[in-house]
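Enquirer: All chains should be built: construct the whole structure from the sequences, respecting the hints.
Number of protein chains: 2
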Amino acid sequence: MMENNHQDRIELDFKKGTGLLPAIVQDYESGKVLMLAYINEESWKKSIQTGEAHYWSRSRKELWHKGGTSGHTQKIIEIFADCDNDTVIFKVEQTGKAACHLGYESCFHKKVNRDGTFIIEEKKIFDPEKVYKK
Amino acid sequence: MMENNHQDRIELDFKKGTGLLPAIVQDYESGKVLMLAYINEESWKKSIQTGEAHYWSRSRKELWHKGGTSGHTQKIIEIFADCDNDTVIFKVEQTGKAACHLGYESCFHKKVNRDGTFIIEEKKIFDPEKVYKK
Numbered sequence: 003m004m005e006n007n008h009q010d011r012i013e014l015d016f017k018k019g020t021g022l023l024p025a026i027v028q029d030y031e032s033g034k035v036l037m038l039a040y041i042n043e044e045s046w047k048k049s050i051q052t053g054e055a056h057y058w059s060r061s062r063k064e065l066w067h068k069g070g071t072s073g074h075t076q077k078i079i080e081i082f083a084d085c086d087n088d089t090v091i092f093k094v095e096q097t098g099k100a101a102c103h104l105g106y107e108s109c110f111h112k113k114v115n116r117d118g119t120f121i122i123e124e125k126k127i128f129d130p131e132k133v134y135k136k
Numbered sequence: 003m004m005e006n007n008h009q010d011r012i013e014l015d016f017k018k019g020t021g022l023l024p025a026i027v028q029d030y031e032s033g034k035v036l037m038l039a040y041i042n043e044e045s046w047k048k049s050i051q052t053g054e055a056h057y058w059s060r061s062r063k064e065l066w067h068k069g070g071t072s073g074h075t076q077k078i079i080e081i082f083a084d085c086d087n088d089t090v091i092f093k094v095e096q097t098g099k100a101a102c103h104l105g106y107e108s109c110f111h112k113k114v115n116r117d118g119t120f121i122i123e124e125k126k127i128f129d130p131e132k133v134y135k136k
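Chains as they are written, first to last, in the numbering used here: chain A, 3 to 136; chain B, 3 to 136.
Derived from the structure by calculation, the hints contain no laboratory data. Honestly, I wouldn't trust all of these hints.
Derived pair list, reagent style DSBU-like, types lysine-lysine, alpha-carbon separation capped at 30 Å [to be verified]:
#, chain 1, residue 1, chain 2, residue 2
1, A, K99, B, K126
2, A, K18, B, K132
3, B, K48, B, K99
4, B, K48, A, K132
5, A, K126, B, K126
6, B, K47, A, K34
7, B, K113, B, K48
8, B, K63, A, K63
9, A, K99, A, K48
10, A, K48, B, K18
11, B, K18, A, K113
12, B, K125, B, K47
13, B, K77, A, K34
14, A, K17, A, K99
15, A, K77, B, K93
16, B, K34, A, K48
17, B, K125, A, K34
18, A, K34, A, K132
19, B, K34, B, K18
20, B, K18, A, K93
21, B, K47, B, K18
22, B, K48, A, K77
23, B, K135, A, K113
24, A, K34, B, K132
25, A, K17, B, K126
26, A, K126, A, K113
27, B, K126, A, K34
28, A, K125, B, K93
Expert: This is the structure in structure tokens:
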């Protein structure tokens with residue numbers, strides 16, 4: 003069985019669900035999961051064409067060039083798609099080492115205990131009030 | 003500022019979007035991302051209570067005990083929640099070493115090239131026709 007056909011083109015299933023697909027963002031070197039964001043077809047094409055991560059901002063309802071404001075852009079080193087073509091992984095080099103808008107390396111800085119409580123496991127790398135000039 | 007309050011309880015935002023939140027599933031030891039699935043409140047509680055991954059199957063529209071059919075259950079070792087409380091990571095020990103229903107270790111076995119083509123990077127670990135007795 004030919005499973006490794008180099009000519010196959012990826013066709014993400016943007017018709018599924020809300021038209022937005024989740025993109026898992028992983029640090030290329032450490033494998034740490036930095037964030038999850040959503041892509042529409044435009045941001046997917048921009049990401050592939052430019053090599054810099056572009057998402058769809060659900061809160062602002064606009065194309066979001068990650069790092070456009072903070073300078074903390076993400077250089078995409080590798081992309082993976084899943085079996086159902088409805089989720090992708092961007093393996094990135096994170097400028098400034100912090101992906102989270104709160105100043106942490108990862109958005110996933112809350113470790114959840116079995117009793118439903120949590121602790122914050124990371125230290126802030128930057129002060130969001132300075133970076134975003136609120 | 004007290005950021006590390008052990009008494010804080012996690013309250014996931016199940017009211018957001020479709021009521022389903024994405025769960026990124028990562029191999030506890032290697033950090034490899036195995037799959038992405040969705041949780042509703044019931045599957046979240048079941049996962050925490052039992053220590054085995056439970057999701058919401060969007061195709062079957064039912065609570066999904068991962069591995070219930072294949073035997074490839076996921077033992078949850080660590081859980082992380084993100085800054086917005088709308089995405090979680092389950093770090094798991096994957097029984098049988100394969101999380102994908104197609105027989106691969108990871109659902110993310112397709113590496114996407116810059117020209118939009120892809121190659122399959124993994125070998126199948128099991129034969130899904132035997133495991134699922136289709």
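Enquirer: Taking the hints in turn, state whether each one holds.
Expert: Results for each hint:
1. K99(A) to K126(B): The hint is violated at about 35 Å.
2. K18(A) to K132(B): This hinted pair holds, its Cα atoms lying about 29 Å apart.
3. K48(B) to K99(B): Roughly 22 Å between the alpha carbons, so the hint for K48(B) and K99(B) holds.
4. K48(B) to K132(A): violated, 41 Å
5. K126(A) to K126(B): violated, 41 Å
6. K47(B) to K34(A): Holds, at roughly 25 Å.
7. K113(B) to K48(B): With a Cα-Cα distance of about 33 Å, the restraint between K113(B) and K48(B) is violated, given a limit of 30 Å.
8. K63(B) to K63(A): Judged against 30 Å, a Cα distance of about 28 Å means the pair holds.
9. K99(A) to K48(A): holds, 22 Å
10. K48(A) to K18(B): holds, 26 Å
11. K18(B) to K113(A): Holds: K18(B) and K113(A) sit about 21 Å apart, inside 30 Å.
12. K125(B) to K47(B): violated, 34 Å
13. K77(B) to K34(A): holds, 20 Å
14. K17(A) to K99(A): Violated, at about 34 Å.
15. K77(A) to K93(B): holds, 25 Å
16. K34(B) to K48(A): Since the Cα atoms of K34(B) and K48(A) sit roughly 26 Å apart, the hinted pair holds (cutoff 30 Å).
17. K125(B) to K34(A): holds, 24 Å
18. K34(A) to K132(A): Judged against 30 Å, a Cα distance of about 25 Å means the pair holds.
19. K34(B) to K18(B): holds, 27 Å
20. K18(B) to K93(A): holds, 26 Å
21. K47(B) to K18(B): Distance of about 17 Å is within 30 Å: holds.
22. K48(B) to K77(A): violated, 37 Å
23. K135(B) to K113(A): Violated, because 38 Å separates the two Cα atoms, which is more than 30 Å.
24. K34(A) to K132(B): Answer violated: K34(A) to K132(B) is near 34 Å, above 30 Å.
25. K17(A) to K126(B): Judged against 30 Å, a Cα distance of about 28 Å means the pair holds.
26. K126(A) to K113(A): holds, 15 Å
27. K126(B) to K34(A): holds, 25 Å
28. K125(A) to K93(B): holds, 21 Å
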